[in-house]
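Colleague: Go ahead and model the full structure; you've got the sequences and the hints to work with.
These protein sequence lines are chains A and X, in that order. Using this note's numbering, you'd call the opening residue of the first sequence number 1 and step up by one each time. Using this note's numbering, you'd call the opening residue of the second sequence number 1 and step up by one each time.
Mixed in with the good hints, there may be bad ones.
As the list claims (entries may be wrong) - Some but not every residue of chain X turned toward chain A, in silico, with C-beta under 8 Å:
1) Asn-115
2) Leu-117
3) Leu-184
4) Ala-276
5) Ile-297
Hints listed in this document are in silico derivations from the structure and should not be mistaken for laboratory results. Glycine residues also receive a C-beta, built at the ideal position from the N, C-alpha and C atoms.
Residue-level listing of the chains:
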Amino acid sequence: MPRVVRPGLRKELFANPIDGLVSVLLITGVGAAGYGLIHWAFGQAQWVVIQANSTLFAVGRYPIGQQWRLWLLVALLAAATGLSWGALRGLPQRDRPIRAVWPRNDRIAAIVLVALCCWAPAALGLAWPIQARWWGLTALLLVLRWLAGRYASRLGKVATLGLPLIWPLLYLVGMVLIGGGLGLVTVGANEWGGLLLTLIEASFAILLSAPLGVVLALGRSSSLPLLRWGSIAYIEFIRGAPLITLLFLGQNILGFLLPGGLAPDRIWRAAWILTFFSAAYLAEAVRAGLAAVPRGQLEAARSLGLNLPQALSRVVLPQALRIALPATVGQFISLLQDTTLLSLIGLLDLLGTARSVMANPLYLGKSAEVYLTLAVLFWCCCAALGLGSRALERRLNPPSLGR
Amino acid sequence: MAGRLSASPPWWQNRRLVPWLVQGAVGLGILVVIAFLLGNLVRNLSAAGLLLSWRWLGQPASFDIAESLLPFNASEPYWRGLLAGLVNTLRVVGLGLVGATLLGTLVGSASFSSNGLVKRLARIYVEVIRNIPLLLQLVFWYFVVFLALPNGEAAIQLPGIVLSKSGLFLPGFEAGFHWSGPSLVDGVWQAPLRFTPEFGALLTGLVVYTGAFIAEVVRGGIAAVPKGQWEAATSLGLGPLLSLRRIIIPQALRVIVPGLNTQYISLAKNSSLAVACGYSDLYSVAETSLNQTGRAIEVIVILLAAYLAIDLAISLVMNGLNRLVQIKER
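Modeller: This is the structure in structure tokens:
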């Protein structure tokens with residue numbers, strides 16, 4: 001006879017009377033809340049506010065005639081993601097040889113992806129050709145994932161060295177595609193919006209704050225007093241102030257600090273402030289990594305005849321950055337979340353777009369639907385970043401570490 | 001002669017000279033940048049007729065603050081408005097610290113519960129809250145939860161407590177020493193103690209968000225105490241409560257207190273998002289003042305100094321606490 005209740009369940013939930021009581025109360029509470037939420041989501045909620053504005057949420061007021069550029073960019077991104085995912089899976093893992101091209105976690109991720117690409121465009125009520133585009137993009141990603149997973153190990157160094165280069169390159173290509181230039185029609189920054197603007201701001205700040213943060217961390221652990229105190233002053237100044245006051249400073253004072261006409265427009269001002277802000281926090285993460293590398297490593301490298309830049313870049317930093325990886329990704333996640341503050345200084349990022357949509361009398365009182373959708377979107381992005389960082393961490397740790 | 005020259009390292013490898021050269025170059029670079037920025041600042045400010053002055057602080061503010069512990073009206077000067085904003089900030093930070101600590105400790109210790117459901121719920125709470133932007137949570141609490149509460153007769157009524165769209169009403173002493181609870185006067189709730197929905201949403205948002213981070217700090221702190229300490233305490237004959245109080249908590253606190261410091265400071269800084277749910281904190285008053293006077297530099301300086309002072313005060317207290325809980329070595 002099959003057991004109806006898992007044997008561990010009784011011990012877990014009803015070990016003693018108090019536990020049992022707590023369990024019953026919690027199950028009732030969670031059940032009621034879950035029932036209420038489902039009842040609301042499928043009965044009362046009017047998701048038409050999301051369906052009718054999905055383009056606005058995605059790209060803001062980006063000109064319709066130029067949106068093919070964004071589709072092209074998404075296709076490139078899907079391709080790069082597939083390649084990186086596959087190649088990362090193809091890399092040798094600590095004390096675990098690769099057995100399958102599709103390990104269990106990857107199968108789950110692929111299934112989730114396929115389900116998402118079938119469900120989300122349909123749920124948003126997109127036209128058939130657009131839905132088909134999303135299917136094509138998902139197929140492209142998965143096929144490249146399979147190819148890269150299959151053949152990455154044969155390419156060897158090309159794969160490990162070439163892949164990290166794809167992303168900065170893709171960033172440049174992406175900025176040209178989004179903004180125009182090189183023969184494309186210019187689309188000004190004030191026409192970007194929604195998720196597009198959020199991702200541009202976040203990726204710009206992530207890409208630029210990473211090197212800046214490493215420099216500041218090195219400065220802070222330097223033996224030269226001027227470098228050390230300069231870095232400390234900068235880091236503590238930034239970390240002492242709330243981000244919103246810094247963004248406020250950027251909007252209101254940057255214009256005074258630069259000669260007339262040189263100051264960037266409001267969107268790039270915010271991007272630079274996010275960069276400078278994030279760099280200070282990254283510096284602290286990297287500094288912790290630097291502190292965890294034994295002094296002897298630097299001394300040994302120097303005594304082997306490496307000069308300081310060589311010793312840092314070849315010996316100390318690779319170890320420090322590996323240790324600092326979880327904290328660094330944590331900072332990137334909070335940076336992505338911090339982009340919502342742009343809505344407070346009047347920019348139309350994802351949250352700003354949402355607020356402007358709800359100011360429309362047609363959608364008055366639909367805030368629950370909109371905010372819940374944004375919350376789910378942000379949660380998925382942040383959770384995916386966290387998962388990716390943990391996977392990367394496991395693969396980067398050499399066999400000697402962490403055993 | 002040539003032999004001696006080649007034996008001594010070239011000047012760019014000189015262990016004394018190079019650090020000074022590097023520092024000189026960096027220092028010069030910083031000075032040039034600062035001089036450039038300050039020069040522009042002075043030129044642009046004088047062109048705009050906004051050279052540094054603090055006289056505007058004494059002029060009447062001509063805006064009202066909806067909710068303030070310090071009595072304030074539009075005819076009072078800007079500095080009193082900013083002070084009222086600061087008091088509002090301190091009020092939400094103070095209550096937020098207490099609430100977030102309680103919630104965080106509860107959830108953090110819940111992840112060690114023997115009850116699997118409690119453990120998992122604690123985990124889910126932390127994972128959900130930490131991956132959603134605070135600002136989004138704040139507007140959610142304000143627009144979706146607090147502003148959707150029923151009003152008037154339909155308000156949620158518990159003995160002595162009323163929760164409605166116009167706020168949370170609590171009993172208290174009124175007009176001397178007369179104890180009274182909330183009452184409905186012409187369809188409007190009145191009570192000695194009232195928290196506005198703006199304040200309620202901000203406080204709830206901050207507590208729930210920071211609570212998740214504190215829960216992680218507490219969990220890490222308890223997990224850092226080796227299991228053998230429990231076993232040793234039990235084998236010495238201490239009961240669970242006594243071993244928790246005398247053995248586990250003192251050791252866990254050594255790890256927890258520095259982490260709490262970080263979270264407290266970030267709560268204080270995050271309180272500046274009050275403007276998203278319409279609460280008049282320091283930042284919101286400062287923003288209004290800037291819009292009216294155009295005094296950008298002065299307002300920013302006040303803001304940065306105020307938040308720095310709050311951060312420093314929290315750090316001082318927490319460092320004092322840290323000294324108390326650290327291992328005392330002879």
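Colleague: Evaluate each hint against the coordinates.
Modeller: Against the structure, the hints come out as follows:
The interface hint given for Asn-115/X is met, as the beta carbon of that residue sits about 5 Å from the closest beta carbon of chain A, less than 8 Å. Interface hint at Leu-117/X: satisfied, since its Cβ lies 5 Å from the closest Cβ of chain A, which is below the 8 Å cut-off. Interface hint status for Leu-184/X: violated, as the beta-carbon distance to the closest one in chain A is roughly 25 Å, over 8 Å. For Ala-276/X, the shortest C-beta to C-beta distance to chain A is roughly 6 Å, which falls under 8 Å, so the interface hint holds.
Here the hint on Ile-297/X is kept, as its CB sits about 6 Å from the closest CB of chain A, short of 8 Å.
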